[in-house]
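Line by line, the protein sequences are chains S and L.
Numbers given in my numbering equal positions in the first sequence, counted from 1, plus 2.
Numbers given in my numbering equal positions in the second sequence, counted from 1, plus 2.
Worth double-checking, as some hints may not be accurate.
When chains are identical, the list treats them as one kind, so a pair holds in a single copy or across two.
[Stated by the list, open to error] For lysine to any residue, the following SDA-like pairs were computed, each having C-alpha atoms within a straight-line distance of at most 25 Å: (1) Lys7 / Met215; (2) Lys226 / Arg214; (3) Lys55 / His157; (4) Lys299 / Thr270; (5) Lys41 / Glu89; (6) Lys7 / Ala337; (7) Lys7 / Glu310; (8) Lys171 / Glu361; (9) Lys7 / Tyr339; (10) Lys7 / Asp309; (11) Lys210 / Thr196; (12) Lys171 / Asp330; (13) Lys226 / Ile213; (14) Lys285 / Glu420; (15) Lys226 / Glu315; (16) Lys226 / Gly113; (17) Lys7 / Pro184; (18) Lys226 / Glu403.
Honestly, the hints are just simulated from the structure, not real lab data.
2 protein chains.
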Amino acid sequence: MDIGKLMQEMGVRARRAARVLSGTPTGVKDRALEIVAAKLRDSAPILREENAKDIEAGRKEGLSPAMLDRLTLTDGRIEDMARSVEEIISLPDPVGEVTRIWNRPAGFRVGRMRVPIGVIGIIYESRPNVTIDAAALCLKSGNACILRGGSEAIHSNRALAAVFQEGVKGAGLPEDVAQVVPVTDRAAVRALLTMDEQVDLIIPRGGKPLIRMILENSTIPVIKHLDGVCHTYVDAGSDLEMAGQICLNAKLNRPGTCNAMETLLVHTGVAEGFLPGLLERMKEEGVQIRGCPATRKLAPWVQEATDEDWGTEYLDLILSVKVVADMDEAMDHIAEYGSAHTDVIITENHRHAERFVREVDSAAVMVNASSRLHDGFVFGLGAEIGISTDKLHARGPMGLEELTCQKFIVLGEGHLRE
Amino acid sequence: MDIGKLMQEMGVRARRAARVLSGTPTGVKDRALEIVAAKLRDSAPILREENAKDIEAGRKEGLSPAMLDRLTLTDGRIEDMARSVEEIISLPDPVGEVTRIWNRPAGFRVGRMRVPIGVIGIIYESRPNVTIDAAALCLKSGNACILRGGSEAIHSNRALAAVFQEGVKGAGLPEDVAQVVPVTDRAAVRALLTMDEQVDLIIPRGGKPLIRMILENSTIPVIKHLDGVCHTYVDAGSDLEMAGQICLNAKLNRPGTCNAMETLLVHTGVAEGFLPGLLERMKEEGVQIRGCPATRKLAPWVQEATDEDWGTEYLDLILSVKVVADMDEAMDHIAEYGSAHTDVIITENHRHAERFVREVDSAAVMVNASSRLHDGFVFGLGAEIGISTDKLHARGPMGLEELTCQKFIVLGEGHLRE
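When you get a sec, could you build the whole thing from the sequences and use the hints?
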């Protein structure tokens, strides 16, 4: 099979479907999603059957129990997928919104209107629910998508795409609005990444090697999520009771997520009164602590932190701790070792809060709150296709609005350029 | 010389300067730009001297008279540069603006704040004034820049950068906020394009081969300007007097610019009453016409348009003309052959205006206006670093606001994730 040709044809079909979708009223898109949700529930037996093939192949290939778990579709998980589709129905459609319109002295008006981006390529690993979530978010925002899941989930993803396409056709829309790459060859990804005539945006969801490969090979814009090396800085004169609660939540609420705290920075003036008790508590909760020399003076049982620790996203019950002389040292540390994901200051000092918010250059900068709050739902933006650690177009949770772009509109009455 | 090392060092210095600049008040940035404007005027003799070296080398290399003209710095052009710097002083500083802030049910607030992008790499050809314009726009928006001009302008660009850096130092800012790559080796561009740790955005200004090379080699996001194949569609029942004025302006006002009309589409119902007179007038103005068969029936002297014509950006006194059955055919033609830059409908029909504005997917979509109006100044946005034909982050004129990104800010009082 000629993979390049297969991908090109998918691209051309996606581009055509995107044009139809861009002019489709919200009601029709929502109707399509309603049918998708219903069909997902009806198709649970077939979906589990196809999924079983992936599980069997995965077992033979020796996938880890955690990987196999992520891969597994149960009736409960299928119901969850149907519900997320229904949640997306309830979100406002961003397409067509005129965000601003202003008059020019010559008498014409200039405005900005939200329109779909066009065709979006999504490259992801393991969890089959991404197939439905991503396709539904793209549909609602008027974008066609080309989905390339992991080879370990190929049967599940093909079956999910078939259900999605049936739903879409049920509402009279072209099935090509959501296509799953039907082959597992690596060449398909390489082909996709250079189809800049057909594809407007690549969103990767996966580990660092995947993202590096995509950056190096894509001629299409990429919006990515890299590390979450998130810091909490406890300032002098802060409410230490509150600081402790926030630190425990930021580390323990879900240690495996990108917005969990990885490094705690503590002002030297409060270190003695704050750190020994908190670290003891963290230890009780099973957290391994790696500290700077000053931390180890206060809690001699703490392991020594290496330079590598400061830049590491543990995604685990590990925390690095550093005592700093002041807020400037904390901000310098964050600028040097952070990943510009989520950084927090705990302080009662208004000027410090202001400076930290202005000067720390991260997707989310917080005052007196847990870094775990960095999330599209928690922020009130609805479902997200991912969290961007890039600075362009989308920074932080990427929801329906971030799946659109804004064009200029000009309304004249015969206006000319002088 | 180790070019890779040289570029890395420039990147590290730029990153450091960007951090200083991101927290610099507007007044200090404006003061720096005032000193730059004054120093530009004072340095005219030296600038012309350095420029003369480029002109001489260009003559020896056999550059075309048009190229040599673009390269030349005169006292008038130096004064123009100083004035554009002063115009940038007068524009509002976007940095720090909180564009929205909202309450969440749990009691914390979430907002979005504009911050600089960071370090911007600008790769351009011939015109030395880009060095000053780009550096001034980046400075005002809080970004450090690495400027890589054409090798034919290296002496001029180095001299201009020296003047800019003197001005910046005069206001107490680090000179590394604007650095010109001091060597002409191609390897410097390749190195720049993969410095994704140090550089946040690449903006190329130049021909298609340059932009293709950049897309294929960059691991950094690129915002580019490709073609302007701009259409004007004259609808049935439109004001033909106004339509004629708009068409003449769109073609003749400055035919060499990206927003000039390249293709005229005319509804079959008005073609007979509209085209022969307009085309005669265009011919008088020296425009060569290439038409579809229906056009040639109405004006037999017109040359036949080939399929290649429809996709060509002439940037010259050439116009392709097609008679279409209706607005749908016009929109299909624009979708197939256009470059999504600027497309115009001339109509009195409200529904057609609405549909055209919604459905045509271009950076600027206009009703009853000349495509030449697509410009940052004309839109009221102030100076622009270029017009983006991309869809992500910036679409259309890219001014100070588009040189920033928005981070999330969260203001809590001990809020945790449930």
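Against the structure, the hints:
no.: 1; hint: Lys7 / Met215; result: both (22 Å within a copy, 24 Å between copies)
no.: 2; hint: Lys226 / Arg214; result: both (10 Å within a copy, 22 Å between copies)
no.: 3; hint: Lys55 / His157; result: within (7 Å within a copy, 66 Å between copies)
no.: 4; hint: Lys299 / Thr270; result: within (12 Å within a copy, 86 Å between copies)
no.: 5; hint: Lys41 / Glu89; result: within (16 Å within a copy, 59 Å between copies)
no.: 6; hint: Lys7 / Ala337; result: between (45 Å within a copy, 22 Å between copies)
no.: 7; hint: Lys7 / Glu310; result: between (45 Å within a copy, 23 Å between copies)
no.: 8; hint: Lys171 / Glu361; result: between (50 Å within a copy, 22 Å between copies)
no.: 9; hint: Lys7 / Tyr339; result: between (44 Å within a copy, 22 Å between copies)
no.: 10; hint: Lys7 / Asp309; result: between (48 Å within a copy, 24 Å between copies)
no.: 11; hint: Lys210 / Thr196; result: both (20 Å within a copy, 16 Å between copies)
no.: 12; hint: Lys171 / Asp330; result: between (58 Å within a copy, 23 Å between copies)
no.: 13; hint: Lys226 / Ile213; result: both (7 Å within a copy, 22 Å between copies)
no.: 14; hint: Lys285 / Glu420; result: between (72 Å within a copy, 21 Å between copies)
no.: 15; hint: Lys226 / Glu315; result: within (16 Å within a copy, 34 Å between copies)
no.: 16; hint: Lys226 / Gly113; result: between (30 Å within a copy, 22 Å between copies)
no.: 17; hint: Lys7 / Pro184; result: within (13 Å within a copy, 44 Å between copies)
no.: 18; hint: Lys226 / Glu403; result: both (17 Å within a copy, 22 Å between copies)
Going through the hint list in order, the structure satisfies each hint without exception.
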